[in-house]
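First to last, the sequence lines map onto chains A and B. Here the first sequence is numbered in our numbering, starting from 1 and rising by one per residue. Here the second sequence is numbered in our numbering, starting from 1 and rising by one per residue.
None of these hints come from the bench; they were simulated from the model. Just so it is clear, CB atoms sit at the ideal spot from N, CA and C, and this is done for glycine as well. Do not take every clue at face value.
Claimed, not checked - With beta-carbon atoms standing in for the labels, derived distance ranges:
1) B/K120 / A/E320: 51 to 61 Å
2) A/L36 / B/A56: 33 to 43 Å
3) A/S361 / B/Y11: 21 to 31 Å
4) A/I444 / B/P119: 25 to 35 Å
5) A/R377 / B/E24: 29 to 39 Å
6) A/K455 / B/D12: 43 to 53 Å
Said to hold, decoys possible - If you want a taste of the chain B side facing chain A, the calculated C-beta under 8 Å gives, among others:
7) N20
8) S22
9) N109
10) I114
To be verified - Calculated Cβ distances over 10 Å to all of chain A for the following chain B residues:
11) R78
12) N89
13) R104
14) G155
15) A159
16) D195
17) K220
18) E232
19) Q236
20) G243
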Amino acid sequence: MERKKSPVLSSILSLILPGLGQAYAGALSRGVSFFLGIVLAALLVHWRQAYLLYIGIVIAWLWNVWDAYNLAQEKKLSPTIPFILIALIMYIIGWGVTQIDLERLFTNVADVKPLVTSLIQPAVLERDIEQLVAEVKFESPCSDSPPEKGTPSPDEPYLILVDKTCGDPGDTFTVTGGNFWPSTKGYIWWSNLAGEMQFRVRYQGDFLTFQTDEEGNIPPTTVVVQEPFAEAKGKGPQLYRVQARMQREVGSPHLSQTFFLVVEKMLETIFLALMATTIAIFIAIPISFLAARNLMGGHSVTMFIYYAVRTILNILRSIEPLIMAIIFVVWVGLGPFAGVLALAVHSIAALGKLYSEAVESIDPGPIEAITATGANRIQTVVYAVIPQIVPPYIAFTVYRWDINVRMSTIIGFVGGGGIGFLLQQWIRLLMYEEAGAAVWAIAIVVALMDYASAKVREMIV
Amino acid sequence: MLQIENLTKVYDDGTVALDNVSFEVPDGEFLVVLGLSGAGKSTLLRCINRLIKPTAGRIIWDGEDVTAAKGDELRRIRRHIGMIFQEFNLVERASVLTNVLSGRLGYVNPWLSIFHYFPKEEIDRAMRNLERVGIANLAHKRADELSGGQRQRVGIARALMQEPRLMLADEPVASLDPVLAHSILRYLEQLNREDGITVICSLHFLDLVRRYATHVVGLKDGQVVFQGLPEEITDQRFKEIYGEEAERVTIT
Ligand SMILES: Nc1ncnc2c1ncn2[C@@H]1O[C@H](COP(=O)(O)OP(=O)(O)O)[C@@H](O)[C@H]1O
Ligand SMILES: [Mg+2]
Chain A
1 MERKKSPVLS
11 SILSLILPGL
21 GQAYAGALSR
31 GVSFFLGIVL
41 AALLVHWRQA
51 YLLYIGIVIA
61 WLWNVWDAYN
71 LAQEKKLSPT
81 IPFILIALIM
91 YIIGWGVTQI
101 DLERLFTNVA
111 DVKPLVTSLI
121 QPAVLERDIE
131 QLVAEVKFES
141 PCSDSPPEKG
151 TPSPDEPYLI
161 LVDKTCGDPG
171 DTFTVTGGNF
181 WPSTKGYIWW
191 SNLAGEMQFR
201 VRYQGDFLTF
211 QTDEEGNIPP
221 TTVVVQEPFA
231 EAKGKGPQLY
241 RVQARMQREV
251 GSPHLSQTFF
261 LVVEKMLETI
271 FLALMATTIA
281 IFIAIPISFL
291 AARNLMGGHS
301 VTMFIYYAVR
311 TILNILRSIE
321 PLIMAIIFVV
331 WVGLGPFAGV
341 LALAVHSIAA
351 LGKLYSEAVE
361 SIDPGPIEAI
371 TATGANRIQT
381 VVYAVIPQIV
391 PPYIAFTVYR
401 WDINVRMSTI
411 IGFVGGGGIG
421 FLLQQWIRLL
431 MYEEAGAAVW
441 AIAIVVALMD
451 YASAKVREMI
461 V
Chain B
1 MLQIENLTKV
11 YDDGTVALDN
21 VSFEVPDGEF
31 LVVLGLSGAG
41 KSTLLRCINR
51 LIKPTAGRII
61 WDGEDVTAAK
71 GDELRRIRRH
81 IGMIFQEFNL
91 VERASVLTNV
101 LSGRLGYVNP
111 WLSIFHYFPK
121 EEIDRAMRNL
131 ERVGIANLAH
141 KRADELSGGQ
151 RQRVGIARAL
161 MQEPRLMLAD
171 EPVASLDPVL
181 AHSILRYLEQ
191 LNREDGITVI
201 CSLHFLDLVR
211 RYATHVVGLK
221 DGQVVFQGLP
231 EEITDQRFKE
241 IYGEEAERVT
251 IT
């Protein structure tokens, strides 16, 4: 037995610095844990300015003094209390740092509703659109010879001005018309004479609408004279087109353009994964031999290569494909090629490791047996090594392709091509129904790949 | 005639597996190497076909120095030395026929063999050898579908493809139950008697040794502690080989 430890000295040491007394009493790792736990917790409390939590720290500190006192007498206390205290402090701080706010889950439900609805009804099917348009000319501001009011037509949709044919911006005028579809809602549009600048007229924030009667007549509708377009400002009187428009869907539903776009981009995504995986296979196979301990062992040069290859593979594998994609987008530009490179590099690292482990786990028995028959080295590899590594190689490769399809769907978010690029654009443009179609496509393809790769692996092993 | 002269094997970690071993094996003999686990039996057998490179000593086979052989010459020597193993060492995922054909790799055109091409006569030879060990009907099964006894017969058929003049058998029956052990050893006995193939076989059980051996070498800690006829192994001799605490186990 070594010399006696003083409980008092031990507790004083722990009072000065948490864990010091424990270290003095011979429990170094316990001391380090106390030191790190208490000091880190205190720093975090200080950073978050959650000063009330100092109470917990003080209790843990005092407990640590008490523990040091006991340890010096060879009594080991169970550190449950300080552990729970520190954990509690961490979780309280974590709650704050991550800005958890459960209330928002309920108050903002309405915001997510259109998104979810669109996801449930993706823009896969659409119907053709038929449109009725009629127009009159309106002048703003007034000139010496304002335009005609327009004339009713016996069989075509028409629009006429009721009270005036010209006016200043902000004035109001009234239109009416006929020969539209009966009892249907329509909109008033405003455009310049050339027709390339146009918009739907609003009234108090909402679109200005009208509703036709049973005969298809437009009731008198009041329209505000709009401000001139930017290029017509200060150029004096201008003619504008005032249009009444009506739309309806006709014919049976058919596959939408969005659908075809999604299919095209999905194919691009699958090919992206295929190319990346294939490139990776060809590079990972030779690398896997260099990273297999049983092949490289026994000589210092080969062992050096083994460690070097292993290290490079580990570093490459630790870089997320998404970050890799950002690098390659800068390097080779936006598009699927960047995605192929990013996934290929990541896959080389992942497959290189898995392949080399397959090589490491081969049974040396058959190699011995084939060598004993007088076979040469190449024959031995063909008959004893390859049959053992082909099944795991195929299994790992299929698995990797599956992962790559999954990853390539998101790699587009940073510009790496594939469906992710489209999805990200649609979400930004608030085109949720189109985004919904993309999300569905991803889900279906990923699930199918998952199933197929599981089946293939089952067949092989 | 196989002559082993002062054979010594020291492994990289310093283990002395064989220590100055010398004996002779005349043609046509069924020599059993007897010894405890770790005595050096496997090391000895693997030195004979140079799966292991001896540290010192010589192995002379029909006047040719096996220990000095390299490259093509070594492969030519190996071609005539068949070997079967305790764990069978078949390629599990390949067919029985492919496993048997692989015994012929030392003879056929190496380039064609890489593409798994074998001439018809070699396939016929493989089928004849499978017939000889009674499993021609299993030729197209995968090796991993076979039972232990069947696998060892594939191992024998593979070795027979080499048209061996010497057959090494490293505890060929240690993974099999007693009935199968006899059937496998009877095949070896048949090869020895009918084809005149010299057999060197390591075994554990004295009963099997008495039944099959024409000559016995006892190994202990890498040294030869007994050389003679099987009937000369008295209980006293047996204890010398197996250590004082050993009991004779009977196998029927
Ligand atoms: N590759 C190796 N490296 C180091 N020591 C080994 C190796 N192979 C066998 N040995 C040792 O050599 C001795 C003889 O082994 P072995 O020839 O396998 O004996 P047996 O076949 O009679 O059981 C044992 O002590 C064993 O541990
Ligand atoms: Mg052995």
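Here is how each hint holds up against the structure:
A C-beta distance of roughly 56 Å is found between B/K120 and A/E320, which places it inside the suggested range of 51 to 61 Å. Judged by the Cβ atoms, the range 33 to 43 Å given for A/L36 and B/A56 is violated: they are separated by roughly 58 Å. Restraint check, A/S361 to B/Y11: a C-beta distance of roughly 23 Å satisfies the suggested window 21 to 31 Å. Checked against the hint of 25 to 35 Å, the pair A/I444 and B/P119 fails, with Cβ atoms roughly 52 Å apart.
Taking the beta carbon of each, A/R377 and B/E24 are about 32 Å apart, inside 29 to 39 Å as hinted. The hint said 43 to 53 Å for the Cβ distance between A/K455 and B/D12, and at roughly 46 Å that hint holds. With a cut of 8 Å, the hint placing B/N20 at the interface with chain A is violated, because the nearest CB-to-CB distance is about 25 Å. A least Cβ separation of about 23 Å between B/S22 and chain A goes past the 8 Å threshold, and the interface hint is therefore violated.
Hint status for B/N109 relative to chain A: violated, with the closest Cβ pair at about 11 Å, above 8 Å. This hint holds: B/I114 has a C-beta 5 Å from the nearest C-beta of chain A, less than the 8 Å allowed. Once the 10 Å rule is applied to beta carbons, B/R78 is inconsistent with being away from chain A; the minimum gap is 4 Å. The Cβ of B/N89 does not lie farther than 10 Å from every Cβ of chain A; its closest approach is about 4 Å, which violates its non-interface assignment.
For B/R104, the condition that its CB be more than 10 Å from all CB atoms of chain A is violated, with the nearest at approximately 7 Å. Its beta-carbon lying about 8 Å from the closest one in chain A, B/G155 breaks the requirement of being farther than 10 Å from that chain. Separation of B/A159 from chain A is inadequate, the least Cβ-Cβ distance of about 8 Å not exceeding the 10 Å criterion. Here B/D195 stays apart from chain A, with its beta-carbon at least about 18 Å from theirs, past the 10 Å limit.
Every Cβ of chain A is farther than 10 Å from the Cβ of B/K220; the closest lies at roughly 25 Å, confirming the non-interface assignment. Look at B/E232: its CB is around 31 Å from the nearest CB on chain A, clear of 10 Å, so calling it non-interface holds up. The claim that B/Q236 lies off the interface holds: its Cβ sits roughly 37 Å from the closest Cβ of chain A, which is beyond the 10 Å cut-off. The claim that B/G243 lies off the interface holds: its Cβ sits roughly 29 Å from the closest Cβ of chain A, which is beyond the 10 Å cut-off.
When each numbered hint is compared with the structure, violations occur for hints 2, 4, 7, 8, 9, 11, 12, 13, 14 and 15.
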